[in-house]
Each structure stands twice: as C-alpha cells, then as structure tokens.
Amino acid sequence: MAINGCKKGKAGERELSHALNGLLGTSCRRGQQHTGLEGKDVVGLDGIHIECKRVEKLNLDKAVQQSVRDASAEDVPAVFHRRNRQPWLVTVRLDDAVSFAERILENKAAGDSEALAHMFLNNQFTEE
256 MAINGCKKGK AGERELSHAL NGLLGTSCRR GQQHTGLEGK DVVGLDGIHI
306 ECKRVEKLNL DKAVQQSVRD ASAEDVPAVF HRRNRQPWLV TVRLDDAVSF
356 AERILENKAA GDSEALAHMF LNNQFTEE
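In my numbering, the protein residues as written are 256 to 383.
No lab work stands behind these hints, which were simulated from the structure alone.
All values reported here derive from a predicted model rather than from experimental measurement.
We put the beta carbon where it would ideally sit given N, CA and C, even for glycine.
Just to be clear, a hint being listed does not mean it is correct.
As the list claims (entries may be wrong) - Pairs of lysine-lysine, DSSO-like flavour, derived with a Cα cap of 30 angstroms:
1. Lys265 - Lys312
2. Lys263 - Lys317
3. Lys262 - Lys317
4. Lys265 - Lys363
5. Lys263 - Lys312
6. Lys262 - Lys312
7. Lys317 - Lys363
8. Lys265 - Lys317
9. Lys263 - Lys363
Stated by the list, open to error - Simulated restraints, written as ranges between beta carbons of each label pair:
10. Leu360 - Lys262: 28 to 36 angstroms
11. Arg284 - Gln321: 18 to 26 angstroms
12. Ser282 - Glu357: 18 to 26 angstroms
13. Leu278 - Leu313: 19 to 27 angstroms
14. Asp350 - Cys261: 31 to 39 angstroms
15. Glu357 - Gly260: 17 to 25 angstroms
16. Val353 - Gly260: 17 to 25 angstroms
17. Arg284 - Glu361: 12 to 20 angstroms
18. Glu361 - Lys262: 17 to 25 angstroms
19. Asn314 - Asp350: 30 to 38 angstroms
20. Ala266 - Gly302: 22 to 30 angstroms
21. Val353 - Lys265: 27 to 35 angstroms
22. Asp301 - Arg348: 32 to 40 angstroms
23. Asn259 - Asp350: 16 to 24 angstroms
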C-alpha cells in the first residue's frame with residue numbers, strides 16, 4: 256500500500272470513529288493493529304468487528320471476507336466504507352443483519368446511558 260493510502264486509511268479510521276461517536280454516543284477510537292493488541296480497525300462498538308475501508312475502488316467481496324475472517328465468534332463482521340465526497344456505508348451479510356441491528360441499538364443505549372451519567376456527575380442538569 257502506498258504511503259498516501261496508509262495515511263488515508265488511518266484518517267478514515269479516525270473519521271469513522273468520530274462519526275460513530277456522534278451518532279451513537281460511544282467512545283470509539285482507532286484500533287492498534289500495529290501492536291497486535293487489537294485486530295479491529297475501529298474499537299468501541301461491543302459485539303461488532305469493524306473493517307474500515309476509505310478507498311475509491313473497493314473489492315467489497317474481499318473486504319467482507321476479511322471482516323468475517325478477522326471477527327471473533329462473538330462479533331458480527333461489518334465493513335464500513337466510504338469514497339471521496341460520499342457518505343459512509345455499512346455492509347453486513349444478510350444472515351447477520353438482525354444481530355448487527357441489535358448490537359447497534361445496544362451500543363446506542365449504552366452510549367446514551369454513559370452520556371446521561373456524565374451529565375449527572377457534572378451537574379449539567381438545569382432546574383426549571
């Protein structure tokens with residue numbers, strides 16, 4: 256992979272993390288694949304193995320196969336992908352669609368609870 260492609264991939268992982276955090280209230284971040292500690296491109300969504308692709312030409316079959324191969328038995332494999340000036344898309348196998356939706360909702364509920372607890376602990380409620 257070219258240096259620019261590597262930088263684009265890292266930037267895509269950070270961008271996706273930020274987008275997921277805004278959408279779900281989670282604490283996603285770029286994984287540490289280079290250390291061998293985390294095999295996911297993005298960590299912070301429980302029960303979902305995220306394969307992040309930020310490319311113009313994507314071999315989607317190959318990306319899905321990579322996600323399936325790298326996912327643990329407990330995680331739903333998912334490919335999050337985006338081209339330049341296009342929105343993020345998510346691809347999951349049809350058999351995994353219900354589990355994926357359930358995990359997204361569970362993560363959203365956990366993110367909402369975390370945000371509520373943070374507001375409470377920081378006394379950010381206003382009295383009327």
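Results for each hint:
Straight-line distance between C-alpha atoms of lysine 265 and lysine 312 comes to about 17 angstroms, which keeps the hinted pair within the 30 angstroms bound. Our distance criterion of 30 angstroms between C-alpha atoms is met by lysine 263 and lysine 317, whose separation comes to about 19 angstroms. Our distance criterion of 30 angstroms between C-alpha atoms is met by lysine 262 and lysine 317, whose separation comes to about 21 angstroms. Distance hint between lysine 265 and lysine 363 is fulfilled; the C-alpha atoms sit about 24 angstroms from each other, no more than 30 angstroms.
The suggested pairing of lysine 263 with lysine 312 holds, with an alpha-carbon distance near 13 angstroms, which does not exceed 30 angstroms. Restraint check: the Cα-Cα separation between lysine 262 and lysine 312 comes to about 16 angstroms, which is no more than 30 angstroms; the hinted pair holds. With a C-alpha separation of about 29 angstroms, the suggested pair lysine 317 and lysine 363 falls inside the 30 angstroms cut-off, and the hint holds. Between lysine 265 and lysine 317, the direct Cα distance comes to roughly 19 angstroms. Compliance with the 30 angstroms bound is thereby established for this hinted pair.
Using a Cα cut-off of 30 angstroms, the hinted pair lysine 263 and lysine 363 holds, with the two alpha carbons roughly 27 angstroms apart. Evaluation of the 28 to 36 angstroms hint for leucine 360 and lysine 262 yields a pass: the beta carbon distance comes to about 34 angstroms. Look at arginine 284 against glutamine 321: about 20 angstroms separates their beta carbons, and that is inside 18 to 26 angstroms. Between serine 282 and glutamate 357 the beta carbons are some 20 angstroms apart, a value that agrees with the proposed interval 18 to 26 angstroms.
Checked against the given bound of 19 to 27 angstroms, the beta carbons of leucine 278 and leucine 313, roughly 22 angstroms apart, stay inside it. Evaluation of the 31 to 39 angstroms hint for aspartate 350 and cysteine 261 yields a pass: the beta carbon distance comes to about 33 angstroms. The supplied range of 17 to 25 angstroms is broken by glutamate 357 and glycine 260, whose beta-carbon atoms lie about 34 angstroms from each other. For the pair valine 353 and glycine 260, the supplied restraint of 17 to 25 angstroms is violated, since their beta-carbon distance comes to about 34 angstroms.
Range check, arginine 284 to glutamate 361: about 19 angstroms between beta-carbon atoms, so the 12 to 20 angstroms window is met. Hint check: glutamate 361 to lysine 262, Cβ distance near 33 angstroms, so the stated range 17 to 25 angstroms is violated. For asparagine 314 paired with aspartate 350, a C-beta distance near 21 angstroms fails the hint of 30 to 38 angstroms. The hinted window of 22 to 30 angstroms between alanine 266 and glycine 302 holds, with their beta carbons roughly 26 angstroms apart.
Between valine 353 and lysine 265 the Cβ separation comes to about 32 angstroms, which falls inside the hinted range of 27 to 35 angstroms. Our hint of 32 to 40 angstroms for aspartate 301 and arginine 348 is violated, since their Cβ atoms are close to 19 angstroms apart. Taking the beta carbon of each, asparagine 259 and aspartate 350 are about 36 angstroms apart, not inside 16 to 24 angstroms as hinted.
Taken one by one, the earlier hints fail for this structure at numbers 15, 16, 18, 19, 22, 23, listed in ascending order.
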